[in-house]
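There are 2 protein chains.
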Amino acid sequence: DLHANFKPLNESLVASYVKSQPRLGAILGGTSADWSVKEVGDGNLNFVYILEGPKGSFVLKQALPYVRCVGDSWPMTLERAFFETTVLREHRRLAPNHVPEVYHFDHPMALTVMEYLAPPHIILRKGLIAGTVYPLLAQHMAEYMASTLFHTSLLALSTLQQRKEVARFCGNIEMCRLTEQVIFTEPYMEASNNRWTSPHLDADAQALREDAIIKLEIAGLKSKFCEKTQALLHGDLHTGSIMVTQESTKCIDPEFGFYGPMGFDVGAFLGNLMLAYVSQDGHATSENDREGYQLWLLKTMGDTWQLFSERFVALWDKNWGAGDSYKIEVYNTKELQSLVQKTYLSELFQDSLGYAAAKMIRRIVGIAHVEDLESIPDLEKKVACERRALNFAKQLLKERSKYSDIRQVCNALQGSQ
Amino acid sequence: DLHANFKPLNESLVASYVKSQPRLGAILGGTSADWSVKEVGDGNLNFVYILEGPKGSFVLKQALPYVRCVGDSWPMTLERAFFETTVLREHRRLAPNHVPEVYHFDHPMALTVMEYLAPPHIILRKGLIAGTVYPLLAQHMAEYMASTLFHTSLLALSTLQQRKEVARFCGNIEMCRLTEQVIFTEPYMEASNNRWTSPHLDADAQALREDAIIKLEIAGLKSKFCEKTQALLHGDLHTGSIMVTQESTKCIDPEFGFYGPMGFDVGAFLGNLMLAYVSQDGHATSENDREGYQLWLLKTMGDTWQLFSERFVALWDKNWGAGDSYKIEVYNTKELQSLVQKTYLSELFQDSLGYAAAKMIRRIVGIAHVEDLESIPDLEKKVACERRALNFAKQLLKERSKYSDIRQVCNALQGSQ
Ligand SMILES: Nc1ncnc2c1ncn2[C@@H]1O[C@H](COP(=O)(O)OP(=O)(O)O)[C@@H](O)[C@H]1O
Ligand SMILES: Nc1ncnc2c1ncn2[C@@H]1O[C@H](COP(=O)(O)OP(=O)(O)O)[C@@H](O)[C@H]1O
Ligand SMILES: [Mg+2]
Ligand SMILES: [Mg+2]
Ligand SMILES: [Mg+2]
Ligand SMILES: [Mg+2]
Ligand SMILES: [Mg+2]
Chain P
1 DLHANFKPLN
11 ESLVASYVKS
21 QPRLGAILGG
31 TSADWSVKEV
41 GDGNLNFVYI
51 LEGPKGSFVL
61 KQALPYVRCV
71 GDSWPMTLER
81 AFFETTVLRE
91 HRRLAPNHVP
101 EVYHFDHPMA
111 LTVMEYLAPP
121 HIILRKGLIA
131 GTVYPLLAQH
141 MAEYMASTLF
151 HTSLLALSTL
161 QQRKEVARFC
171 GNIEMCRLTE
181 QVIFTEPYME
191 ASNNRWTSPH
201 LDADAQALRE
211 DAIIKLEIAG
221 LKSKFCEKTQ
231 ALLHGDLHTG
241 SIMVTQESTK
251 CIDPEFGFYG
261 PMGFDVGAFL
271 GNLMLAYVSQ
281 DGHATSENDR
291 EGYQLWLLKT
301 MGDTWQLFSE
311 RFVALWDKNW
321 GAGDSYKIEV
331 YNTKELQSLV
341 QKTYLSELFQ
351 DSLGYAAAKM
361 IRRIVGIAHV
371 EDLESIPDLE
381 KKVACERRAL
391 NFAKQLLKER
401 SKYSDIRQVC
411 NALQGSQ
Chain Y
1 DLHANFKPLN
11 ESLVASYVKS
21 QPRLGAILGG
31 TSADWSVKEV
41 GDGNLNFVYI
51 LEGPKGSFVL
61 KQALPYVRCV
71 GDSWPMTLER
81 AFFETTVLRE
91 HRRLAPNHVP
101 EVYHFDHPMA
111 LTVMEYLAPP
121 HIILRKGLIA
131 GTVYPLLAQH
141 MAEYMASTLF
151 HTSLLALSTL
161 QQRKEVARFC
171 GNIEMCRLTE
181 QVIFTEPYME
191 ASNNRWTSPH
201 LDADAQALRE
211 DAIIKLEIAG
221 LKSKFCEKTQ
231 ALLHGDLHTG
241 SIMVTQESTK
251 CIDPEFGFYG
261 PMGFDVGAFL
271 GNLMLAYVSQ
281 DGHATSENDR
291 EGYQLWLLKT
301 MGDTWQLFSE
311 RFVALWDKNW
321 GAGDSYKIEV
331 YNTKELQSLV
341 QKTYLSELFQ
351 DSLGYAAAKM
361 IRRIVGIAHV
371 EDLESIPDLE
381 KKVACERRAL
391 NFAKQLLKER
401 SKYSDIRQVC
411 NALQGSQ
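Quick mapping for you: the protein sequence lines, in order, are chains P and Y. Just so you know, we're using the working numbering here: the first sequence kicks off at 1 and counts up by one. Just so you know, we're using the working numbering here: the second sequence kicks off at 1 and counts up by one.
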């Protein structure tokens, strides 16, 4: 058993643990008496401690063998810490500006020590709820996604390298199964985990469960999630897995990382921006109608896809023939290269819209909701925002093949009710 | 090194090897003096010995660390024997009538002992060249493919079981790379491995290398081959990997087995029937115009797909909810089940046609040709058959989305020139 010596820590045990690891103690400086330890995990799954000392600081994250917010009635593999660390390291290598550095990993303890993203870094979702503009967000996320997805795909890797990675990440299946369950299955059936604003959305949830076309579309997305080993994904790239300041954008928490369809990451981010967009009406006040902010959100969605696809194609152009999928000897003219790139990106766009929709739907009727909507004080407004999100997502899921351009999607969202 | 004790055998060493394995000797009966050993490998890669004794018989197949027909200038992993044996065992469990039984596997020696498919069993390709009708062929192949593909997919398996298998078969990447090279890459570029009937088909081969739409389509098929982990494939299901009698159909030689798109197996079989079809004109004589035989081949193609898809859907109907992809609680009405089945089968049909075309093309302009065409005595006739095969395959690859029914494909083949 890899985790035979696993021991769950608390604030005081964390300090003892760090004391036992001279390399870590040296980062903080001073002696353990000089260190502050604070648990800050607002996440659903794990414990996160901030450690600060006279010389430096770091974050220590530990997985427990169950879901934190549920308790030990919902067991969950400790191995997720290994996969999280592996993805952090790999994505950090590929997008160093947008991933915290890992300082230390203790496999038996399911424990990762990483760079502390100090204030003013906050979780993006909280910034979006507050109505804060992040002028570099689209550009940074485009860079992060293009770089990590391109370089872990067969556009950059040999099939030999890629299969080795695919095999390795098959080990994170328990986390994938959680995604399958809560994103692709339960929202479309009666399940005790599901919840929604009731009785207001009872009929909406029921209509969703009876919508054959939605279920057909979800089946295709679920199959791609389970079977398309296109790139090493973050796997949980919602706005709660991104920390930001005005100048900085960092992606954390890739414990759901695995080889899957690129659109799952891109769609997670876009879908959560869409949720932020519709929820603004619920946060509007007489001082701030949030309309300007909504326009910035729309622009950020549009810019994200636009910059992402440009960056992705630029990487491809710079690396023709690096990977095994499109050999330079076969795709040997500029026209041919453009043709296959356009086709590749257009399928990726379709996947991304599909997953964006799926991510929105599950946040309205599934187990885990988002603070953007949950924090709307007025119930009627909250219901209106939720229904709008659900209806837009359904329409997007069903009719996304009609969109060939992100601006059309932004316009549809803006015009939705 | 798993194969540190590997030793290549020859006919006399094979007898000594069997003597050292009492379980095997007991199958043959008598003593080694009573055994006959005959090498019969007509394949390109491996050595195959038939052993017969007073009591029984078997086949002993050994992989060498290189490609048999090329020599040690083209190294090839001994591990293929492990994957071949693993697939034989798994597919035998699922389709016992259509896969020989494995009696013994020696991993270090890359050596498999299996049921001898005695005469009148012959390699199907040879039977097709001779113009022999196999009345049960379509039904048997439909049964084999439906059963092996369905039961190794997420329609029958949990994602936990499937990922474990996917991870395991990631190990057969060297064989997949060979397929990538000779099927999806080299035919579409200038490569020293390529050959075609020259100078007759020089312009045809060049036109293929300059066809942007063909290259776009091949890219999609190659990506699915590399990235879509849909089922445990045979991986090399041409008519030279099938042994038949009037009553029996057995699939051998799955050393290219891996988790890939189902259509790759179905297309391999259909594409090789199509090659058999076009080559009949080259084998027609004044006594036998082969026209009736061509009609039987068309019917066999049609029946194969028809029976395969029926059998596949029947398995699905009988096993609703067995696998993790389509949960019964979500797909909870007959109409919904039919809808997702139709969509699933229609994508599989499209994939199958695409791979059928790719398999035909590579047999005309790539490294490995087929005896169906190679054995045509008249050069002009051979060229005509090859050009017809190439042109039909190109058209099929480009326009397969227009076909929704196998009969349309058969009609197009029949009407092709
Ligand atoms: N490297 C870090 N720097 C600063 N804060 C962090 C860091 N990692 C996590 N946090 C904080 O801890 C919270 C939970 O972390 P997260 O990795 O998302 O855990 P979980 O897997 O439980 O969701 C984050 O929302 C953030 O507030
Ligand atoms: N189980 C068997 N029973 C009878 N003949 C066999 C059997 N397996 C292989 N052969 C004969 O040996 C030939 C080569 O076997 P095959 O498995 O296709 O090897 P390769 O991998 O080299 O192509 C076949 O074409 C067939 O004639
Ligand atoms: Mg988190
Ligand atoms: Mg997490
Ligand atoms: Mg408004
Ligand atoms: Mg063979
Ligand atoms: Mg073989």
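If you're looking for bench data, these hints aren't it; they were derived computationally from the structure. Misleading hints may appear alongside valid ones.
[Claimed, not checked] With a cut-off of at most 20 Å between alpha-carbon atoms, the simulated SDA-like pairs for lysine to any residue come out as follows: (1) Lys398/P / Thr343/Y; (2) Lys164/P / Leu2/Y; (3) Lys224/P / Ala322/Y; (4) Lys398/P / Lys342/Y; (5) Lys224/Y / Ser158/P; (6) Lys327/Y / Gln206/P; (7) Lys334/Y / Ala368/Y; (8) Lys394/Y / Ala212/Y; (9) Lys164/Y / Ser192/P; (10) Lys19/P / Asn5/P.
Check: So which of the earlier hints does this model not fit?
Finding: Hint check: 7 and 9 fail, others pass.
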